[in-house]
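Engineer: Here is how the chains run, residue by residue.
There are 2 protein chains.
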Amino acid sequence: MADFASIDRYLDDHLEQSLAELTRYAAQPSVAAQNLGMEECARLVSEMLRARGFSVELVPAEGYPVVIAERDGERDKTLLIYNHYDVQPPEPIDLWTSPPFTPTRRDGRLFGRGVSDDKGHLTARLLAIDALLEQAGRLPCRIKFVIEGEEEIGSVHLPGFVRKNRARLRGDACLWEFGYVDHREVPLQYAGLRGICYVELSVECLSRDVHSGVGGSIFPNAAWRLTWALASLKGKDERIRIPGFYDPVRPPTPRDRELMAQAPDMAQDYRERYGVKEYLRGMKGGEELKIAEVFEPTCTICGLDSGYQGPGSKTVLPARASAKVDFRLVPDMTPDQVTKQLRAHLDAGGFADVKIQFLGGNPAGRTDPDHPFLRLVAETARPVYGMPMTIVPMVGGSGPNHAFIQELGVPVATAGFGNPDTRAHAPDENLRVDLYLKHAKHVARMIHAFAEAT
Amino acid sequence: MADFASIDRYLDDHLEQSLAELTRYAAQPSVAAQNLGMEECARLVSEMLRARGFSVELVPAEGYPVVIAERDGERDKTLLIYNHYDVQPPEPIDLWTSPPFTPTRRDGRLFGRGVSDDKGHLTARLLAIDALLEQAGRLPCRIKFVIEGEEEIGSVHLPGFVRKNRARLRGDACLWEFGYVDHREVPLQYAGLRGICYVELSVECLSRDVHSGVGGSIFPNAAWRLTWALASLKGKDERIRIPGFYDPVRPPTPRDRELMAQAPDMAQDYRERYGVKEYLRGMKGGEELKIAEVFEPTCTICGLDSGYQGPGSKTVLPARASAKVDFRLVPDMTPDQVTKQLRAHLDAGGFADVKIQFLGGNPAGRTDPDHPFLRLVAETARPVYGMPMTIVPMVGGSGPNHAFIQELGVPVATAGFGNPDTRAHAPDENLRVDLYLKHAKHVARMIHAFAEAT
Chain A
0 MADFASIDRY LDDHLEQSLA ELTRYAAQPS VAAQNLGMEE CARLVSEMLR ARGFSVELVP
60 AEGYPVVIAE RDGERDKTLL IYNHYDVQPP EPIDLWTSPP FTPTRRDGRL FGRGVSDDKG
120 HLTARLLAID ALLEQAGRLP CRIKFVIEGE EEIGSVHLPG FVRKNRARLR GDACLWEFGY
180 VDHREVPLQY AGLRGICYVE LSVECLSRDV HSGVGGSIFP NAAWRLTWAL ASLKGKDERI
240 RIPGFYDPVR PPTPRDRELM AQAPDMAQDY RERYGVKEYL RGMKGGEELK IAEVFEPTCT
300 ICGLDSGYQG PGSKTVLPAR ASAKVDFRLV PDMTPDQVTK QLRAHLDAGG FADVKIQFLG
360 GNPAGRTDPD HPFLRLVAET ARPVYGMPMT IVPMVGGSGP NHAFIQELGV PVATAGFGNP
420 DTRAHAPDEN LRVDLYLKHA KHVARMIHAF AEAT
Chain B
0 MADFASIDRY LDDHLEQSLA ELTRYAAQPS VAAQNLGMEE CARLVSEMLR ARGFSVELVP
60 AEGYPVVIAE RDGERDKTLL IYNHYDVQPP EPIDLWTSPP FTPTRRDGRL FGRGVSDDKG
120 HLTARLLAID ALLEQAGRLP CRIKFVIEGE EEIGSVHLPG FVRKNRARLR GDACLWEFGY
180 VDHREVPLQY AGLRGICYVE LSVECLSRDV HSGVGGSIFP NAAWRLTWAL ASLKGKDERI
240 RIPGFYDPVR PPTPRDRELM AQAPDMAQDY RERYGVKEYL RGMKGGEELK IAEVFEPTCT
300 ICGLDSGYQG PGSKTVLPAR ASAKVDFRLV PDMTPDQVTK QLRAHLDAGG FADVKIQFLG
360 GNPAGRTDPD HPFLRLVAET ARPVYGMPMT IVPMVGGSGP NHAFIQELGV PVATAGFGNP
420 DTRAHAPDEN LRVDLYLKHA KHVARMIHAF AEAT
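First to last, the protein sequences are chains A and B. Going by numbering that gives the first Met the number 0, the residue at position 28 of the first sequence is 27; the numbering climbs one at a time, nothing skipped. Going by numbering that gives the first Met the number 0, the residue at position 153 of the second sequence is 152; the numbering climbs one at a time, nothing skipped.
Don't read these hints as lab results, they were simulated from the structure. Only true hints are included.
Computed list of lysine to aspartate or glutamate pairs in EDC-like fashion (alpha-carbon distance at most 16 Å, straight line):
#1 A:K235 x B:D352
#2 B:K276 x A:D352
#3 A:K235 x A:E277
Using the sequences and the hints given, assemble the complete structure.
Structural biologist: Written out as structure tokens, the structure is:
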């Protein structure tokens, strides 16, 4: 039996050291979308793991390399831990209070791109591992890290990588990269993630921009073509109009609904946090909103780009226009299905000129919310948070958990220190130092309990 | 009778000096839309005119100051010359072969923002005036320059300025700021300009960007709202759907059609120059295309801006979205009519959340294409170009000629050195040096003929 009083003391005493390690890690830009600092960051992660006695391999993959690290432990059981070393683009940079790649402490938080999503999750877990090693000289069980560099661009190559390295990645359970504590300070565990299909739609009608006085009434306009093509995908009623899109969608089960009823009602919190005046389709909150948030597929315009966007006016007819569009998928939709249906829909609507560039995606992945491993992870939170984690069957975000569940056959549990104001993907991304420490304490207990479970 | 052989010799001899003056003038950025270098440029223009013995006043106006310059001549007749010292924004800067504000000579052309539109038109006219003064010691008639700083942002304040300064701006005829020689080297004279109404449409649904996994199925999305609002303005059939929009539109007269038949057929040229694959509504060229280009009102998206536009993907639900939209107006539409109809249409369509910012505009302005002054301007081109100008009743572009025609009661003639590859408003804007010299020779003759006409 581990001495958690002594482990917790170690974690308290080494918190600042761990945050210093995170500060170095987050100061290294690693924006996959912009190919910024990726190699350097992968090497940095490798060194951090090697320093803990892991055997580390930086495995070249089709895209950015994957870091695989392994260290044996007392029991012959393997806990997989999935993290990623890439981060979202820092833009818009002028909305950051402190520079995105200069991690900065303020008001009990650490601010910086990636500190929460999810570089800090790696360093907090390494802190827990340090404590376990310090106490016993070895790990309670085998731990394998899989740390990819393409999570923020849809983990394009990870499913193939997992399939190809199935034997090597064999394990008994998997701890996912992130997790949240809700606005009531209740730790949440998500048993499933929606899938994603991210595309760029682009149109080019002319070889160059033209004075709008010349072309306005006679030349095709790429911005108009894009506008009409987009408007054909989804109407004001929010119904996605791509034929067949909703066919694979299954409604939540009674058990899903039961668990969702226990999930937090975010309606008021979202109003305050994001300035939401009205929810879509007249929803007010409660179960309806909770279910819609995670059990429905989406079609979101993430960006629009065409012509002149500076101050004042420029009378130009743009040659090109493009949109970033993100589809969130529920079981059993696939990115392949969506891109094929999208192509067919655009073609049928007279938009064969609108190009689709697939920028990444994966299907939704679910673990049974009543799986013993998820229960174990939920229960080991109790001594740290004063309550077990609340298990939520599905979360709105995405990740390549499908590959682990399908290819490796492992249950996947989420746990982490994200807070309701953590601003992942947005300016002023941050972590709360108190929750960071709690996560480390939780992870130390979870590893122990996993190793000892029969 | 003037000695045009000697005048032409002067112009030939002083061409380089004039281009050097233009190079200094165009090196001074003066981007009205970005409030860049405006005061400096207005002062520079004033000095250039004072150096020619003009009495110059830099008149403060509601927006950027207007330069008024006047010099008496032999006859008591007044030729107004309208120019502007502001230029279009230089963006996208990376598409320029040489820097936009470093005028550069290549292949018989001078490249730089504003060299054609329309700083060079001022310096070429000053060169003609230098020649006339050199020969006779005085001008053949009174010349009044009106040089504004807001042409490229819709001449927002010029109509009011002209109305207010009606007495001071009294004249008998007006030479407009620009003109073109077509792809057959035929000089064109435009007897009318379309009007314009330039607006920015913007939507803000949230106080900040949100992770698209959270908000995709429950939060309103500004980019979607904008897309649907835009799609409600014009459909794939190119018909503008704003109720009442087309009500004031009059078809071209039989005389308009007769003159348009003589205008150049640009169908093939546009295909090559701008990469047009198909004209709108199946048009192939000929009279149909010529008429559509200038006698129809338009609704052009000039720019789209929302969310993430960088490389790769960013899974964000944008808080804001905006579009620049330019309506070209035919007689008797007005910007006021269009903005009111647009507001009513958006409100009726459920888009009260879409804000309209008016960025400038003016109604269309026409002079009778058979007016004697226009004939005079056309005929005085003959000795220079080997043919008279072809008079075209209307051009697709815009400008505040309506104010001169309505408030001052003068005919307005266009003449200039623009070439089919002049790239006004676009990267690599340029002038052809040979046409620049021809314009100076034409202007010298036109001023003389105007002074002497009964």
